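Participant: Protein chains in written order, with the numbering used here: chain A, 1 to 951; chain B, 952 to 1145.
No lab work stands behind these hints: they were computed from the structure. Note that the structure is predicted; figures quoted are calculated from it, not measured. Be aware that a few hints might be false.
Unchecked claim - Residues on chain A that point at chain B, a partial pick, calculated with CB under 8 angstroms:
#1 Ile712
#2 Gly719
#3 Tyr789
A virtual CB, placed ideally from N, CA and C, is assigned to each residue, including glycine.
Next come the chains, spelled out residue by residue.
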Amino acid sequence: MQWHTGLLSLLFALLLTFYKPVSAIYADEASVIDFHLAHVGTPRVSFLHAPVAGSGKLAYVGTEKNVIAAIGLKSGDLLWRQIVEGDLVDAKASGERIVVLSQSGTNVVLSAYSATQGHLLWSSPFLSQEAIEPSVSVSDVNAVLLTDGGLVRIVDLTDGTVAASWSGHDGITVYTNVTHTTDGHVAVVGTTSNIASSTLTTAILDARALALSEILVLDTIVTSPSDVLHLSPRLLIWKNGETLEYVTLGKAQVMELQAPANVGHARAFSSRTGRSILVQFQHSTTFYTVSAEDGSLVLKYTIQNPEGSDHCAYSAAESDEEYHTRSCIQGDVGRVEVFGVAEWGVVKSWRVDLADAHSTGHFGGVLAASSEIMTAVDGLVGRVLLVTVDGSIHLWRDSMPLWTRHESLAHTTHATFVDLPDPSVSKEVADEETHEGLSAFLKRVTRHIGEVHRLPAFFSGWAARFAQGEYEVSPTGISAAIARDTFGFRKFIVTGTEKGKLAALDTATGKVVWSQFYQGNAAVGLWTVRNASPDHPPVVAVLLKGQGTMDWLELNALDGTVVGSESWTGSFGAAFAIEGVQGPEDTLSVAVVSQEGALKVFPKDKGMQAISATFTGIRFAVTNGSSAVQGFELDATTASARSLWKIDFPSAEVIQSISAAGANHVASIGRVLGDRSVMYKYLHSHLVGIVTTDASASSVTIYLVDLARGTIVHQARHGDVDTTKTVSIELDENRVVYAFWSIGPSAGTQINVLELYEHEKPNQRLDPVPLDYVSRDVDLQPYVVGQAYRYPARISALATTQTRYGITKRDTVAFLPDLNMLVELPKSLLDPRRPKKDVKQMSTAEKEEGLIPYDPILPDERRWVISHKNEIFAVKDIISGPAYLESTSLVFAFGLDMFFTRVTPSQSFDKLSASFSKGQLLLTMIALCAAVALTSPMVRRKQLNALWGVQ
Amino acid sequence: MLIRLLFLSLYLLCAAAEQVRISLYEQVDEGLPSQTPRAEIIYDTVSQTAETKWAARLSSIEGNLYKLGLLDESEKSVNGGFISQAARKLLHNSDGWQNIHEEVKVHLDKQGKPWKVDYGISTGSNPPTVIMVPYQLNGPSVSLKKPIVARPATADGEEVPEPEKTFLQKYWHYLVPIILVMLLTGGGSEAQAK
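Here chain A stands alone, though its shape is the one from the complex:
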């Protein structure tokens, strides 16, 4: 026995030396099996700027996702990007610098980035007294920053230091805008509140010392600061009742602008120099130039607006001459017109059709535009950067589309995998299966005869597969553009965004296959409701929430066409799939419940049947405010949901997230221990994990709630937690993994794992064995094993790898926001049963179970990084889906960026690697056959001679 244990220890130690939890991806697989889409988000500010004098221009965008980025105009490639702290308010260019103004409450930060490389040059924080939106103006040498509604600072662009400051606080004036003027001053514009009305005030300051030159209270009345239409380096234009008025900066004389009668919808735009100004009225647009003599505005010409002029974006282009461009795009179709300042009227125009240009979908009109007009040999050439309502960025060179960046994908909130149709299963094959006996045989023979013409293609395909080792290509001889590969690695990922954009990505290419845009709606649910069959394409359903309206859409997942829809008015409470009623070709039923408890089920009849058929009733939970969760039961007879229970968490606790275990394949209901005994898993399909944080106690609590009964099955509370950082949680089978930032006793990420079992002792089950954990009112108390580890990087999203049958090990995929990486943490290390003892002290059973001794720190193992060289920004969620091969799991992370890859947690045991030398194997076999053929007559002769006694 002694030697047996000793040998086992030795073997175990040897095994540990060779222990390799996850191998890094192979170099030849990087960027082949995965794709990374780097996004910036919907632009809030966009402009074209040459970073180095005389060089080509780049597009710079500051976005709603608080990213500042530079995009190459030729290819549309991202040259650099940075995430700024707080909300990005404005971005401006000054020579080789991009100056970015951001705000987070009362914290205002002005920072400068290198326009060519994108690295941070300096960042200057300013603490303001009130959270009033700041304003900035940039010249070649300095930036003027306005904060607190009256505090003006001159910031040196070389190092971000404050050179001078001026306070305009007088108790009654609130300054809102600041600009450099053409005569070398700084103008600050604000409104002065009097008892009865408000007047406009401009303060003119010396641009170097910020010494006040004069304060001009303009002789005008404004109702709100929004009456100020435009502030250019020369002029200030505002609305005074039914007239437009303007003043030359530095002068007090108010002048009236010659304008059409209705100024209600007026918008004004000027070139950077402020020499020409364009004012769009309701029915026409008027161009003015600034008189060199007295600074007054001279009307040049007026042109009529096209239909739907609300969908127009204006921009000014300065080269040798000044031009203005107007891009009017309604839906996907429109025109870009170039207006001359020196010349009269439209000097160039072209048609734009965004949908036709990319054949990928809909964009919802134009939001903003930036342009560049160049003089070429054959006339003017225009480049226009268009930002569309859905959030995408397009570049057109005259009437030629150059590129599109689908930035709306940065706002993705929902995603689902869609299986593609199997080309080997045709309608005829499916039809055969419905017949029996002779008729089935005859059908098969007829089909085979019909398919004989594909035989050569099949053989050549088979040979090519053998030669190249690319088994993913199906050797059927059928060429289909959208078809599943042999191993099911190729899928479509359908995504829904908070802006109403739906898009499908092909995992083979990472490109957008189709997109749809439903303006003013947000996707609140997305399901693959029908899988592909020979008769039907796969169908995805999306639930959209608008202003008091709800839309249910069913789309063909392969091309995005709408195959079914329903709209209704009402609120949104919850939506979820009703599990357990879906056959292979059946349609998944989805229930939508309003906040008032009204129920809608899709498809109506089958869904209602499903609800009635469920003995225990369909139960679900919804968060109610920030600290309560309410449980409901669906009632098919009254088509409503009735409240069953409510959990009001203690007032200091705030719900951070809720995660459900989901319906994934469970391969084994127990965990086999080293002595062949079994710990039965607590597999509760209605278990939800609710994470709450308590800022006053610096604690985080994980509640495992039985949503059918509203009971707390288990709770785990931790102290010394930084509640301002994300707490991520993942439930899978009987396992809960969660991570938070611990502040004591030593700061760092703590990743915890809990495993729920039916009983503390092996081979014991709950008494009696529950067939369904929901169907009873008894508290089914699990036995919980938990362990905590430290991980050397912050974690903000967690997911578990899913495979076809669930036999393969389930690893945890985590997103590390500080390193911008995705890692695959092996299950064997994130195991709550790891014994807290030395290898030598471990029992034989523990060693046989393959447990690894406990170590408080999970190593910083770079072989676990599955995103390899890609820097993935701001991932919000990770989903995992099965491939056709059991060994392989598909992983898709989305947030600002998107990243897709496939992982093999237990190595690719069911697939030969591409480097496997089949030629060598074949040659060996041929050589062996030849050797046998050669030697067999010799052996036969020898045996015969031996029998005859011949030597």
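Given the coordinates of chain A, assemble chain B onto it according to the supplied hints.
Facilitator: The following block gives chain B in isolation, referenced to the frame of chain A:
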């Protein structure tokens, strides 16, 4: 000093006597909660023990949902656990309450006040069980390794030399076998010596 001790013991006595009274009310379907509590739990926060007095159930409990829990702020509904008539039927193949064992779990917040009641039934005729779940930091914690203590340094940052060991401390493992050999083998017998 004596007075201080007296006060301290008085305080401890008071603290020890700190009790939380928890009343659990019943509700059937959407009806009003029961006038009198079904159960009164007196929980001692120091010894963490609970004593419960049970009263008879409401006379009309034949509704679909039977709830037991805390009265909510409006005092018009009970916030706690529930059992359905269907579940009772399933468990006992009857509609009655015979042979039913009730179990109540009361979750306490950090002030020691109840904030959530779980309620369930199972087969058995034992008296109802009450489990108190106090507020505690019960999540798994990291078992850090023992820190390696660095050698103390002087104010100048120089390492303090280790104190020199004595002769015995250094060479005891050589001496012990020698002594043992000497003791065990010994010399010849006294007679031989003579």
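Participant: Now, for every hint given, state plainly whether the structure supports it.
Facilitator: A quick look at each hint next to the structure:
At a threshold of 8 angstroms, the smallest CB-CB gap from A/Ile712 to chain B is about 6 angstroms, leaving the interface hint in force. The restraint placing A/Gly719 at the interface with chain B holds, with a minimum CB-CB distance near 5 angstroms, inside the 8 angstroms limit. Given the 8 angstroms rule on beta carbons, the hint for A/Tyr789 holds: about 6 angstroms separates it from the nearest Cβ of chain B.
Violation of the numbered hints given earlier is absent; every hint is satisfied by the structure.
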